[in-house]
Amino acid sequence: MDIMLLLTSTVTLTGGIPLTLLLTFASLLAGFVLAVPLAFMRASPRKWLSLPVLAYTYVFRGTPLLVQLFIIYYGLGQVGAIRSSVLWVLLRDPFWCCLLAFSLNGAAYTTEIFRGGIQAVATGMIEAAQAVGMSPLQIKRRIIFPIAFRSVLPSYANEVISLVKATSLASTVTLLEITGLSRKLVSETFAPYEIFIAAGVLYLGLTFLLTGFFNVLEARLNAAPQARTHPRRVILRQVPHEQ
Amino acid sequence: MDGFVVQFVNGLKTTVLLALVSGALGMALGLLAAAGRLSRWRAVSAAVGFYTTIIRGVPELIIILLIYFGGTVAISAFFGRYVEVNAFLAGVVSLTVVFGAYTAEIFRGAVLSIPAGQIEAARSLGLHPWQTWLLVILPQMLRIALPALANQWISLVKETSLISIVGLTDIMRVAAIGAGSLRAPLTFYLAASALYLALTSLALVIFNLLERRFAVPGR
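In order, the protein sequences belong to chains A and B.
Residues in the first sequence are numbered from 7 upward in steps of one, following the numbering used here.
Residues in the second sequence are numbered from -3 upward in steps of one, following the numbering used here.
Certain hints may be false.
[Said to hold, decoys possible] Calculated lysine to aspartate or glutamate pairs in the EDC-like style (CA-CA distance at most 20 Å, straight line): (1) A:Lys146 with A:Asp8; (2) B:Lys154 with A:Asp99; (3) A:Lys146 with A:Glu133; (4) A:Lys190 with B:Glu80.
[To be verified] Pair ranges (Cβ atoms, derived): (5) A:Arg226 with B:Leu205: 35 to 45 Å; (6) B:Leu205 with A:Gly83: 38 to 48 Å; (7) A:Asp8 with B:Arg119: 50 to 60 Å; (8) A:Lys53 with B:Leu198: 20 to 30 Å; (9) B:Asn6 with A:Val95: 53 to 63 Å; (10) A:Ser141 with B:Val40: 55 to 65 Å; (11) A:Ala229 with B:Ala144: 45 to 55 Å; (12) B:Val201 with A:Arg226: 38 to 48 Å; (13) B:Ser72 with A:Lys190: 13 to 23 Å; (14) B:Ser120 with A:Val222: 36 to 46 Å; (15) B:Ala144 with A:Leu96: 31 to 41 Å.
No lab work stands behind these hints, which were simulated from the structure alone.
Quick caveat, the model's predicted, so the values are computed rather than measured.
The C-beta atom is built at its ideal place from N, Cα and C for all residues, glycine as well.
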């Protein structure tokens, strides 16, 4: 093991971090935007709303991400209608293909996570919101989703970490993010230990940072209601009885 | 496409064999690691914690590439000439290491959820620590771990597709070869995804049956 090579390749591979992060956060955002309505549809008691979403999540969670990526990157070009459409400008570019694959895959997992949270919201809360006259959309936006999101935050954090790791598959369609860059370096130097370990260290750093961020977020979200109600002060004010 | 049916069947066999072998070895490693993590010896517990944290924080692809290319370099240095590591073997080793890290955490959580009274009762009956593990902890722990284990097995089936990147002729590789030679990538990759979906569905059905059979009352 060459320590100098390990250090220099770590520095070289940091050049791949921006692309890894861009892929992660862009597909995280797209996945989130897709997953929120889908999760409400999936949690709906109406079969015609929930079944199509179930089919989507079942297929995307039951097949490897690599296959999904290859279907989008290599497969869609086989369809003449897509080749001749405007979409082809995006779909022949490996970056957009990765983004599409990671977003759709991530949205499938996120939908199921959010559905669990939505279904776990106590009915009393929803009834209370109905009783004060909130519209169904307001109830979803102000009551159900915030409670559900908070309760599934640990699972969502895991999903974000998986997404960071999943972006390494972008290297299979020629993108030079951390993994792609490390594979290129290895083919040039043939020093797999140093370079792949350096790549592993960078990923570990990213996952640690994200884990730390979610731990802080979880602590803050869980602490929020208590901090606002000041239970102590309320009790002190209630003590004196005025006649 | 006809000639590829045989190839797909062979690829399917390779994928299933790879998943079963690395799953079985990985679960054994996970059990050992969970026992180590819960051990009284700080050094053992810390070493296992280090292993599970690192493996779970690094992409599977990096681990596979490290073991495949690193193994090739190590063995070539040992024999003094270029020797390429068998892709199946590299796949088994890397997936075992990954599966072991994830199952270790599942098993550890399951062991911790067994009431301490059970273990105290076993001890007061005079059971040897080995007997306590085998007769009291293991059967109860496996039932609790079953749902999480099911998810992990399904991930494992999907992760086997990554071994195709280092040249193993599994379902994914057969699809890639067919896609290239017949210029029909959509057809071949859709066929591959159907096969993977069948495998993960089968795993889901088996684990649902197991869960129903060994359901923990009141959980």
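Structure-based check of all given hints:
no., hint, verdict
1, A:Lys146 with A:Asp8, "violated (56 Å)"
2, B:Lys154 with A:Asp99, "violated (25 Å)"
3, A:Lys146 with A:Glu133, "holds (12 Å)"
4, A:Lys190 with B:Glu80, "holds (19 Å)"
5, A:Arg226 with B:Leu205: 35 to 45 Å, "holds (43 Å)"
6, B:Leu205 with A:Gly83: 38 to 48 Å, "holds (41 Å)"
7, A:Asp8 with B:Arg119: 50 to 60 Å, "holds (51 Å)"
8, A:Lys53 with B:Leu198: 20 to 30 Å, "holds (25 Å)"
9, B:Asn6 with A:Val95: 53 to 63 Å, "violated (39 Å)"
10, A:Ser141 with B:Val40: 55 to 65 Å, "holds (58 Å)"
11, A:Ala229 with B:Ala144: 45 to 55 Å, "violated (28 Å)"
12, B:Val201 with A:Arg226: 38 to 48 Å, "holds (42 Å)"
13, B:Ser72 with A:Lys190: 13 to 23 Å, "holds (21 Å)"
14, B:Ser120 with A:Val222: 36 to 46 Å, "holds (44 Å)"
15, B:Ala144 with A:Leu96: 31 to 41 Å, "holds (38 Å)"
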